[in-house]
Structures are given as C-alpha cells and as structure tokens.
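For reference, the chains in residue letters:
2 protein chains.
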Amino acid sequence: MSYKQMTAADIAALRELIGDDERVFAGEEIHEDYSHDELGGTVHYPDIVLRVLSAEEVAAVMRYASREHIPVTPRGAGTGLVGAAVAAEGGILLDMSLMNRFLELDEDNLTLTVEPGVLLMEIYAYVEEKGFFYPPDPGEKSATIGGNVSTNAGGMRAVKYGVTRDYVRGLEVVLPNGEIVTFGGKVVKNSSGYSMKDLIVGSEGTLGVVTKIILKLLPLPKRTVSLLVPFPSLRDAINTVPLIVRSKAAPTAVEFMEREVILDAEQYLGKKFPDHSADAYLILKFDGPSLEQIERDYEGVARLCLEQGALDVLISDTEERDESIWKARGAFLEAIRGSTDEMDEVDVVVPRGSINRMVAYIHALQSELGVRIKSFGHAGDGNLHAYILRDGREEDEWQRILHLAMEKIYAEANVLRGQVSGEHGIGYAKRPYLRESLEPQVLELMRGVKRAFDPENILNPHKVCGL
Amino acid sequence: MSYKQMTAADIAALRELIGDDERVFAGEEIHEDYSHDELGGTVHYPDIVLRVLSAEEVAAVMRYASREHIPVTPRGAGTGLVGAAVAAEGGILLDMSLMNRFLELDEDNLTLTVEPGVLLMEIYAYVEEKGFFYPPDPGEKSATIGGNVSTNAGGMRAVKYGVTRDYVRGLEVVLPNGEIVTFGGKVVKNSSGYSMKDLIVGSEGTLGVVTKIILKLLPLPKRTVSLLVPFPSLRDAINTVPLIVRSKAAPTAVEFMEREVILDAEQYLGKKFPDHSADAYLILKFDGPSLEQIERDYEGVARLCLEQGALDVLISDTEERDESIWKARGAFLEAIRGSTDEMDEVDVVVPRGSINRMVAYIHALQSELGVRIKSFGHAGDGNLHAYILRDGREEDEWQRILHLAMEKIYAEANVLRGQVSGEHGIGYAKRPYLRESLEPQVLELMRGVKRAFDPENILNPHKVCGL
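First to last, the protein sequences are chains A and B.
Mapping of the first sequence onto this note's numbering: position 290 corresponds to residue 290, and the numbering continues sequentially without gaps.
Each position in the second sequence, counted from 1, maps to that position plus 467 in this note's numbering.
Here chain A stands alone, though its shape is the one from the complex (with noise of 0.2 Å):
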C-alpha cells in the first residue's frame, strides 16, 4: 500500500479549506498527544492535524484526500488502547472533539441526537437531568460517544441493558468518497435492507466518518441499590457469577475486583474501599422501580452468594456509599497504569458461563511465567481486562513475555469460544489476533465490505481487517 506523501502544497489546500488556523496543525506544529490513543502501545505522527466542525468540512477532507490518495483517520478523545485513532500511515488526523453539540432531545421518541464529539459523561448529565438514561457505562466517562460508536463500547450495565450497538438508532456519515449519507433514522424497527448502521458501529473509522449520531433512551430507574461482596478467594468469587447468571436474576452490573486491584485504587484515588477483609469481591448493581421491588430482585442473590461462601453482603443504597464503591473501579485502569512503568491489555470475552475458567486461567498465568498480570472486568458479561505489567523488564524480554502472555489468553478464550475483543475493538494493535481468531473465509468478507466502502483504502489503513 502506498500513499502519497503529503506536500506544502497539500498542507496549504488543507489550511484554505478549513479557512481557520487555529483548527490546523502541521509538522512541528502538533502535539506529542495526537500521536498515540491512552494505552501509547501504537505511535505515529499525521502530517496534519484538522479539527473539523461540520459534516460538510469532514466531507470536504475526504473528497481531498480521495483525490490525492492520503490516508485519513479520525480521531475523537483519544482514549482508546489499541491504537485505532493512531494515523498509521501518517497523512491527515481528523480530529472529531470539537463537533460537540447536542443536537435533539426528542421526548416523543425517546431519541438525543448529538454530534461525535460530545462525552459519554455530559451525555449522562444532560439526559439524567430531564428523567432519562443511557445505559452503556464504559470505565472512560470522558471518550467521546463517537468513540464509543465506533468501538461498539460495552461497559459495566451490559449485563442487563447490552452494549452501544443497541442504543443506536441512526448515524449521519460521511463516506471515504466524501459523500454524507445516512444510516437508520429515529424508527424503532427496520426491515428496509442492510443494516449498514450494524456495520458501522464497531467498525473503528473504517468504513465512514460518523457525524452524527441520534440515540435510543429509556426512561431512567427511579433506585438503584449496590451490593459489594467479599469472597475469602477469587475462586470462590467468579464461580459464583455462572450461578448468578443461572438464577435469572436481572442484575445491571456484576463486576469482579482483587483486593490488590483495590488497593491501586486506593492510594491512587486517596480514599478508602469501604471493606478490606477479603481476597476478591463481587460488586452488583440493581436498578428498578422501587426499593422494595430491588430487594425482592438481589434478595436471591445475596442468599446465593453467602452459600457459596461469600463473608458478607454489604448493602449500598445511599449514594455517598454507591460513589466510594463505583469509584474505586472506575480508577483501576488508571491506578493499575501508576504501579508499573508501562502495560499492555487484553480485552477479551468469551460466554459469560465460563468467564470463571477464563479469570482462573489468566491468574494462574501469572505464576507459570512470572509475570504480573492484574484483571478486573465485567464478570456478568464474560468480559475480562488483564493487564500485563512490564515491571522494568528490558525491551526484548518484556516484548517476549508480552507476547507469550497475549498468546496464551487468546488461546485459551478461542478453546472456551471466546472473541479477541468484547468492547475496546481490534484498532492496529489487536489485528494479528483478530486474524488467527478468524476463519479465513470471514476475514475475507470483511476485507470485502471494506472495499465496498473504500476502494482506495484511504480512510484508516491497517485497522482491524485493513491492509
């Protein structure tokens, strides 16, 4: 594959067409950030940076970069980790955070209509304000929701309310050829061909430029009730989880945690865990119309638990008690970075009735190749984070015991019929493993589609089937 190599001339058309500086970086001009996503595993410059503002300037781009043949990649907040939003093959980065409007909220059909640009936690502030909720609940609050399209992020309330695939309702795109079309609509059912807006969502910017996105509400629940879950083991823990899930009970969350995971959080946070007894925990949300109806949901639960040889059950129902909680886990991530000098993850998922053989797996990993590997995720769902921590080791050897690592937990998701990814996407760096994940056939069809849409391949070449 080969492109052009941008010139002044390039740089020049791409500054009169945007007709305002301060929305262009070129060359020295671009920060160091805008050269890898938050994991920092996937580096590369673009030629220029473009915050755009419209559909129409993002239009106007690609029917330039179609011309020219310049690869282009967009961009939103630049939290993910494998490394979509990186430009690969230089060229221009779109940068998609300024188109940050919200557009609609439609009360008759439950509908917000935002731009790609908007965060996930101003989506929460603006629609629980009015009595209405967006269930997917990524860790990262401030990814943009183009992001979260485009990856198809899942997060914690998966379990009970799916992923963002099914909050989606229409999408206003632009195409490699710089055309805007439009993808679904407000309509709750549709029979009316593809479903090309399913093929944009998780596509990670290769098959279109997203600008705009209208999505589905539901009305928000009036309680929720949090319950935290000490285990003397991890084992006895994450057994427990089939179980849950065999209850039929409908709980919105079931995270699992170690209690060295929380001990990151709390010297990175600054503030305590509200228990410290134990080895593993549990943590579940509930959601519904009352109080009462809650218990009568996690009663069950709760019972389950300490037969399978839970410490205790500490109920939250009070929002300070909910916040200590849910904000130790959403600082993993982060905390597990501060204890060590650099990590790489894996994200994968496999049926939620064998995510016990898969947390097991990897913590016995740990010991087989003496390295650490710290996990927490979303048990309910079946998907796993693990993070392999580096811990100062010289480059060769820390790109061996990477790799070895990687190579065991993907095999062992693909033996319990498992995906390399569950919600963070393939980007550039998860491609090998998507590829030997894949029957042949499937991947081809895949490159197929994105020929269909890209014949050129010039929007975010070498991502996740890519070239």
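Take every hint as true, because none was put in to throw you off.
Here are the simulated DSS-like pairs of lysine-lysine, each with C-alpha atoms no more than 30 Å apart in a straight line:
#, chain 1, residue 1, chain 2, residue 2
1, A, LYS216, B, LYS715
2, A, LYS248, B, LYS608
3, A, LYS141, B, LYS627
4, B, LYS627, A, LYS160
5, B, LYS715, A, LYS141
6, B, LYS739, B, LYS794
7, B, LYS608, A, LYS216
8, B, LYS679, B, LYS608
9, A, LYS272, A, LYS141
10, A, LYS160, B, LYS679
11, B, LYS875, A, LYS216
Some residues of chain B that are not near chain A, with every Cβ distance over 12 Å (derived):
#, residue
12, SER564
13, TYR591
14, LEU736
15, LYS739
16, GLY776
17, SER806
18, GLN833
19, ASP863
Because the hints were derived from the structure by calculation, they are not lab data.
Just so you know, even glycine gets a beta-carbon here, dropped at the ideal spot from N, CA and C.
Following the hints, put chain B in place on chain A, whose structure we already have.
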C-alpha cells in the same frame, strides 16, 4: 443477469447429492405452495425443490449451484409477505423447514441454539416451560425462526424488548460459494471486527443461508396484564399513543385497532371480542415481577387514556380474558384477507411520535381514493400494517389504485422520516419503494456488500437491493 437453464443432468446430480427421493421435487412434482408466499403477489416456480437436512447438504448444493451458475432461493415456512422466498429466477428452492431441531438450551449462558426451521410457536412453548422468555413476538407464530432472522422480524413486544436482531447472538451461515462460517457466538459483547451477524440479520436470504441460530433468552416475566381501552374515535385513540411514549411508562406492547377489523376477526374466529362499544381501541400489555408492580406501571397510562377521552379501561389479568383479546389481534391478517378477494400490504415504520399522523393519513386516503384500506399495528413502535383491498376490481383498475395508494403511503412515510419496512422486509415486491427511499449511494453500498458475499449473484437474485 442470465443463469444456466437447469437440465435433466442437473436435476439428476442434485437428486444424487441429496440421496433421498422424498426430499427432492422437480418439475410437475412441485407443489403449488412452493411458487408463492403467504400474500401471493409474487409467483414463480423453481425448477427443483430440495428439502435439506444439514449445513453440509446446503453447502454441497451451494457448491454445485455456484459451479453451474444456478440461482438458489432459501425458504422457511413460506409465511412471508413480500416474495423474498419465491424463486424469482427459477433454479433451486432450498426448503429449510426440515432443519427444525432444538440443539441446546444453555442455562449458564441464557442462550438457545436451534436450526432455522424451528417454528416461532415451538420456541415459545419450549422456553417458557423452562422459565425462559424469547421476547420477539411477530403476529405469525407459524413462521420459522430462520425466516424471522432473515427479515429481522419485530412484533408486538418490540416496544419494550426490541426486535429479532437484538436476540441473535450468533449464526452459522453457508456462503454462496458453499463455505460454512460462524458469525458471533454465545458472547454477550463483541467488538472483534465488523458485525457480519448483523449484516445477515434482515438480509432476506441474499447474503448466505442461515443453518444455525444462537438466540439470547431472558427470564420469563412473572406476570402480565393487558388493558383494553375503547375510544370514541380512531383519532382519539391514536393521538394518545405519543403521550404514552412520552409519559415514560414502559408498556410491553401498544396496539391499535378499529371496530371494523375487530368485527372481521370475530367473524373469522367465531368468537366475541370483550367489548363492542367503541370505534377504536388501544390494547396495551404490561409485564413485570408482580401484579402490584405492574399496577403501579399502568396506573398512569390508564389515567392518561381517560383524560384523552377513553370510554373505559378494561383490565385483563386472567389468562382467559387475555386470550380473547390477543387471539382477535392475532387473527387480523387472516380476517382482513377473508373480507376481500385480493389484497396487498404496506409495512411502513415512522418515528413513534408520528404514528398518529401516519394512521390519520391512511384513514383519510380511503375516501380520497375510494378504496378500502384496513390498518392495524404496532402503535407503540411506529410500525403500521395497512392492507389495500381489491374488492372485485378489474385487473387494470386494481393495479392502478394499488400503486397509487402505495406511492402515496410511502411518500407520506418519507415526509415523516420513516422507512419502507418495519418488519416484513423488502423481498421482491417492495424493491421499487426501497430504491426510491434510499439515497443512491446507500443503495450502491448495499450492492457492494452483496457483491462481497455473492460475486456471482447466485443467492436469491433480485431481492432487497439486488439486480
């Protein structure tokens, strides 16, 4: 597009491939049922019908058809309404209805794995006995689940629970070239490349032949209550629907009907409907963990209906009473069909907040065009079924008035930012309307996707976006 005219040698080769004469019909042996679907507007005989038993048989047929350039059309129970399962170019009709085994109920993962020929009513019976719930609830319970996946069938409970797409976790699919692949799996989350599973759902047998389906189940709600709400006029009834949506109540279903459709249904069933007092009705369903909770949920809605002029709110919390209401609702299509000599349908969907405008438009169209149009539908999700009745017209006049009515209804749906089909699909009959409603670039993208899956255009040609 020209295909090979099937020869006696082809027929013999396919007979040998299946190896069981009772599962092969050619020429004169082909029953008339195989030449059309439920509505009968599209009629064409295949050259051969193969009642396949396994993915391997489907794969062998596809390999043969690919090599010989013979078109293949998959067919479930033939309950479709748009000609998707009619062999428009002749060739091979794959009757999937014998692939009707329940393969696995996985209680650890809350999934059910079935072959595509299992009937919807069989799924309900199977899972509900075990305390599980498969929410999609299309009117036609004798459809196959494969057909439901292929059209992304919706149904009445979509208001609260979503559509078939939302309950498909994984698919086994035979590609046009005969390769057997898997998309998705039992996992709850998945961000591992483009969602090919979501491309197949709703693709009406044009991208691959579905041979296995992994469905997501929910716990069965403990109680349900229905409300039958008579209104003095259609206008009063239907204008109440957006207010119900806006009130943030969460009904399971909100259907509307007019008295004359009810009278047709009574005649068809030979059974009385619980109420005759009114011109129009809303029927609502609520479900939940207890009667008290459900009462709290519907209280506000009942009050709202009365404020909007409802004549009464009849509460049905016994199975017998419920049955008399929903049985009538289930018989509407057959009942309307029994009231005329021929009919055709539209299945438009509009944003739910605009359903009252769409219903009023169609109602007024009857006198404008001097044709009977009977409508009913899923008021709560904006999906309306309207049947245009021939009532003994001469062929020319019938075609004229039918096309005029359809053009007008689709144009109005377009004004309201709706879509051509909410749940019945496009198939053969609705292609011109899909073409008109889509941006040309979107149609071209769909065709690009089709080419990626089926470069020889062997599988179900002419359907959806096909040439």
